[in-house]
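Asks: Using the hints, position chain P against chain V.
2 protein chains.
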Amino acid sequence: MIILSGPSGVGKTTLRRRVQKRIASLAFSISWTTRPPRPGEKPDQDYYFVAPSRFEKQISRGGFLEWARVHNDYYGTPLPPVRTWLRQGRDVLLDIDVQGARQVKQKMPEAVSVFILPPSRQELKRRLSRRRTESPQALRLRLRNAEQEMADWILFDYAVINAEIQASLKALLAIIQAQHYRVSGP
Amino acid sequence: MIILSGPSGVGKTTLRRRVQKRIASLAFSISWTTRPPRPGEKPDQDYYFVAPSRFEKQISRGGFLEWARVHNDYYGTPLPPVRTWLRQGRDVLLDIDVQGARQVKQKMPEAVSVFILPPSRQELKRRLSRRRTESPQALRLRLRNAEQEMADWILFDYAVINAEIQASLKALLAIIQAQHYRVSGP
Numbered sequence: 001m002i003i004l005s006g007p008s009g010v011g012k013t014t015l016r017r018r019v020q021k022r023i024a025s026l027a028f029s030i031s032w033t034t035r036p037p038r039p040g041e042k043p044d045q046d047y048y049f050v051a052p053s054r055f056e057k058q059i060s061r062g063g064f065l066e067w068a069r070v071h072n073d074y075y076g077t078p079l080p081p082v083r084t085w086l087r088q089g090r091d092v093l094l095d096i097d098v099q100g101a102r103q104v105k106q107k108m109p110e111a112v113s114v115f116i117l118p119p120s121r122q123e124l125k126r127r128l129s130r131r132r133t134e135s136p137q138a139l140r141l142r143l144r145n146a147e148q149e150m151a152d153w154i155l156f157d158y159a160v161i162n163a164e165i166q167a168s169l170k171a172l173l174a175i176i177q178a179q180h181y182r183v184s185g186p
Numbered sequence: 187m188i189i190l191s192g193p194s195g196v197g198k199t200t201l202r203r204r205v206q207k208r209i210a211s212l213a214f215s216i217s218w219t220t221r222p223p224r225p226g227e228k229p230d231q232d233y234y235f236v237a238p239s240r241f242e243k244q245i246s247r248g249g250f251l252e253w254a255r256v257h258n259d260y261y262g263t264p265l266p267p268v269r270t271w272l273r274q275g276r277d278v279l280l281d282i283d284v285q286g287a288r289q290v291k292q293k294m295p296e297a298v299s300v301f302i303l304p305p306s307r308q309e310l311k312r313r314l315s316r317r318r319t320e321s322p323q324a325l326r327l328r329l330r331n332a333e334q335e336m337a338d339w340i341l342f343d344y345a346v347i348n349a350e351i352q353a354s355l356k357a358l359l360a361i362i363q364a365q366h367y368r369v370s371g372p
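Those sequence lines, one after another, are chains V and P.
Going by my numbering, 1 is the number at position 1 of the first sequence; the sequence numbering is gapless.
Going by my numbering, 332 is the number at position 146 of the second sequence; the sequence numbering is gapless.
Just chain V, with the same shape it has in the complex (with noise of 0.2 Å):
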């Protein structure tokens, strides 16, 4: 079990897209969310968009490995593909926020996280802007977020900064590669 996180902005969604190119049997674990998609994002492929209700019904039935509510939306988990995937002992890939990050690590502590920072702040800024999908005050909100999940890189396995998305890359399928010859846990 593999969890890729960082603040939003840092190129994780690409990275996470290439990683799958690369890695064929690698189980790609699709969150639900209560929120509208983004210009470029494929219901189904990167996202599962949900009503509310349906969300919280599935919170009730203890349906998730994870879900937090970020920015006034719901994300989440769905627990039962990844049951499955593990039981047929694939590597499964989570691209989740930290506050999830840090729950799939109290459930399972042999999971492998890691944090994907940006080579700057400034970067960061930038290309969340350049997003331009989202009200000036959700960019806002957004930044403060990003700002606050940085410090948390610390409490990760490991920690790539996604400068240059090629190197990223290779350091991202090194990590996965070398957990296949881990003793115990990372």
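Hints listed in this document are in silico derivations from the structure and should not be mistaken for laboratory results.
Beta carbons: idealized from backbone N, C-alpha and C, even for Gly.
One or more hints might be untrue.
Just a sample of chain V residues kept apart from chain P, beta carbon distances all over 12 Å, derived [what the hints assert, rightly or not]:
id, residue
1, R18
2, P37
3, D46
4, Y47
5, Q99
6, P119
7, S129
8, A138
9, L139
10, S168
11, I176
Facing chain V, a subset of chain P residues (Cβ under 8 Å, in silico) [claimed, not checked]:
id, residue
12, W339
13, I340
14, F342
15, D343
16, A345
17, V346
18, A357
19, A360
20, I361
21, Q363
22, Y367
23, R368
Straight-line alpha carbon distances no greater than 30 Å define the calculated DSBU-like cross-link-like pairs of lysine-lysine that follow [claimed, not checked]:
id, chain 1, residue 1, chain 2, residue 2
24, P, K207, P, K356
25, V, K170, V, K57
26, P, K356, V, K170
27, V, K21, P, K356
28, V, K21, V, K125
29, V, K42, V, K125
30, P, K207, V, K170
31, P, K207, P, K228
32, P, K356, P, K243
33, V, K42, V, K57
34, V, K21, P, K207
35, V, K42, V, K170
Replies: Leaving out everything else, chain P in the frame of chain V:
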């Protein structure tokens, strides 16, 4: 600091030489030994071959990171070069026996230990016998020690089954690269 260990005959030396070719910046600690060189071994590249009296003088000075007496010969890792490399921020590779690996791990818990395993006991016996540079008695002793050392893989951070050199090399390179992104010790 990367510790490479495993029973003799497992192919550590070949693997280590390949890793050195692939990572030019990697510093390789050349061990001291009091045993005579085997055919194909290069003095001052594979080992420093020294007299027992000189080895014992170095012990009394505290000049080894680890040392051991194996098969009636001394083997040791001289401390001064390792100290210099680590101060320079370089990766350091040690190719040492299981006893030595344990000593280094106690002194430097942040060192990453990798155990190289043979694909089977039969294959290890075959590889050791093929060496044909030792007396039958020395071979028997080496085989018995190898059997005992094999049980220690569980104490290492990583274990790689050396069935095919190219795959083992890839594994080792991934393990070394992944360490650069560790937030804290292995």
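Asks: Please verify that hint: Y367 of chain P, Cβ, nearest Cβ of chain V, below 8 Å or not.
Replies: Holds, because the Cβ-Cβ distance from Y367 of chain P to chain V comes to roughly 4 Å (cut-off 8 Å).
Asks: Is the interface hint satisfied for A345 of chain P? The criterion is a beta-carbon contact with chain V at less than 8 Å.
Replies: Given a least distance of 5 Å, the restraint on A345 of chain P holds.
Asks: Taking 12 Å as the cut and beta carbons as the points, is L139 of chain V off the interface with chain P?
Replies: Holds, because the least Cβ-Cβ distance between L139 of chain V and chain P comes to about 29 Å, which exceeds 12 Å.
Asks: What's the verdict on K207 of chain P and K228 of chain P, does the C-alpha distance respect the 30 Å limit or exceed it?
Replies: With a Cα-Cα distance of about 16 Å, the restraint between K207 of chain P and K228 of chain P holds, given a limit of 30 Å.
Asks: R18 of chain V: least C-beta distance to chain P exceeds 12 Å?
Replies: 16 Å, holds
Asks: Next pair to validate is K356 of chain P with K170 of chain V; report whether the Cα-Cα distance is within 30 Å.
Replies: 13 Å, holds
Asks: Can we keep the A357 of chain P interface hint, with Cβ of chain V closer than 8 Å?
Replies: Check passed: Cβ of A357 of chain P comes within 6 Å of chain V, closer than 8 Å.
Asks: With 12 Å as the threshold, tell me whether D46 of chain V passes as away from chain P on beta-carbon distances.
Replies: At about 25 Å from chain P, D46 of chain V clears the 12 Å cut-off, so the statement holds.
Asks: Against chain V, run the beta carbon of W339 of chain P and see if the smallest gap drops under 8 Å.
Replies: 7 Å, holds
Asks: Go through the hint on I361 of chain P and say holds or violated, using the shortest Cβ distance to chain V against 8 Å.
Replies: Check passed: Cβ of I361 of chain P comes within 5 Å of chain V, closer than 8 Å.
Asks: Can the restraint linking K42 of chain V and K57 of chain V be considered satisfied, given a maximum Cα separation of 30 Å?
Replies: 24 Å, holds
Asks: Using the nearest Cβ pair, does I340 of chain P come within less than 8 Å of chain V?
Replies: OK, holds: I340 of chain P within 8 Å of chain V, min 6 Å.
Violated hints, listed in ascending order, are 10, 11, 25, 32; each of the other numbered hints is respected by the structure.
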